[in-house]
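S.K.: These are the residues of each chain, in order.
There are 2 protein chains.
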Amino acid sequence: MFLPRRFIEVSARLSSLPGIGPKAADRLVFYLLDQSDEDVLALAEALLAAKREVMFCRRCGNFAQGDLCEVCRDSSRDTKLLCVVEEIRDLSAIERTGAFRGLYHVLHGRIDPIARIGPSELRLDRLLERITLDGVREVIVATNPNFNGDITAMYIAKLLAASGVRVTRIATGIPKGSDLEFADVFTLTQALEKRTDVQS
Amino acid sequence: MFLPRRFIEVSARLSSLPGIGPKAADRLVFYLLDQSDEDVLALAEALLAAKREVMFCRRCGNFAQGDLCEVCRDSSRDTKLLCVVEEIRDLSAIERTGAFRGLYHVLHGRIDPIARIGPSELRLDRLLERITLDGVREVIVATNPNFNGDITAMYIAKLLAASGVRVTRIATGIPKGSDLEFADVFTLTQALEKRTDVQS
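One line per chain: the protein sequences are A and B, in this order.
Position in the first sequence counted from 1, then plus 1103, gives you my numbering.
Position in the second sequence counted from 1, then plus 1103, gives you my numbering.
Calculated from the structure, these hints are not laboratory results.
The beta-carbon is built from N, C-alpha and C at its ideal position, and this holds for glycine as well.
Take the hints with a grain of salt, since some may be wrong.
Claimed, not checked - Heads up, incomplete: computed chain B residues facing chain A, CB under 10 Å, no partners named:
| # | residue |
| --- | --- |
| 1 | Pro1107 |
| 2 | Arg1116 |
| 3 | Leu1131 |
| 4 | Glu1173 |
Claimed, not checked - Here's a subset of chain B near chain A, in silico, CB distances under 7 Å, partners left out:
| # | residue |
| --- | --- |
| 5 | Pro1121 |
| 6 | Val1143 |
| 7 | Ala1149 |
| 8 | Phe1250 |
| 9 | Ile1254 |
What the hints assert, rightly or not - What follows is a list of derived Cβ distance ranges for each label pair:
| # | chain 1 | residue 1 | chain 2 | residue 2 | range |
| --- | --- | --- | --- | --- | --- |
| 10 | B | Ser1281 | A | Pro1248 | 41 to 47 Å |
| 11 | B | His1211 | A | Asn1249 | 51 to 57 Å |
| 12 | A | Ser1178 | B | Ser1281 | 55 to 61 Å |
Go ahead and model the full structure; you've got the sequences and the hints to work with.
M.R.: Take a look at the structure:
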């Protein structure tokens, strides 16, 4: 090999990250070695600080520094409306729309019979507790519209049936801006079944 | 914002790196926060160790840990044959072909009239010194086949004319205006094989 061991070490570590191949990793190391000592130190320290200080929100399971996350600390949010998601990246996708002003509940997983993940691993006790204590009005179940997400949603609906809270599911259908021609059979079937009246 | 400050900080730093956009940076932070403390610490330390210990080879200008780089320390290489490149990433591209068994000389730049970079900034004294001291037989000028690379090659050919050393230029075959870094192995191998004498 024509590069020093330390170079290869850091390049190998970077190329193990998602979306970074060996060539991109080498290019990153070339770039980083060209930066000032201060900049590289700042990157390394930002990484360690994030790892050290970023925890899960005690209430909703989002990333948080301290006890509660930014969403739970925002007093303008509707605390009676909960959106249940599988992962924080799903919360992140919904936040980007700006269309939701309630709070979240992150399951950190989904019921998955093949991987033997059952409901006891999904922070559902905490969900029930929140619904009772906070007087929640509606729970929107925004688990992914696939097999595992659907059975998780069904389980949650049953679990909450006795509580009297309204349980809804995000709509499935043809994505806005896409073409019917390219929609898969299941999506298109669902879109037909769940058709809505057009207001004239 | 719905993410903690430390998350945003490290994401912003990652998205300033080449080839990493804001969404990819967020995805990297999601991934890294999911790794063990040991793994994140190891990445940060590998980064700092590389930055601290990787220097330039005293002889050729490649990356090195210690005085000489891996190429210069390899006793099987032909020390009478030098390949002059602009940057270490060009050396890296040539090494990947496996077609070159001589040593390198990295200019760390090229003559660039617009950026006012002249020959005095290109380690050319060191090149002349090496040619004299090591009894070099041939210098292959593998600067990029674009305007700045070509005038740099011409300058080097003139500079070495008196020394009696054979000066060659990698063959074009690599498309004009592109970068060595991105050339495929076969094109680059051909370019090395079909090198031609430079008229001074």
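S.K.: Any hints this thing doesn't respect? Which numbers, in order?
M.R.: Numbers 8, 9 - these are the hints that the structure violates, sorted from lowest upward.
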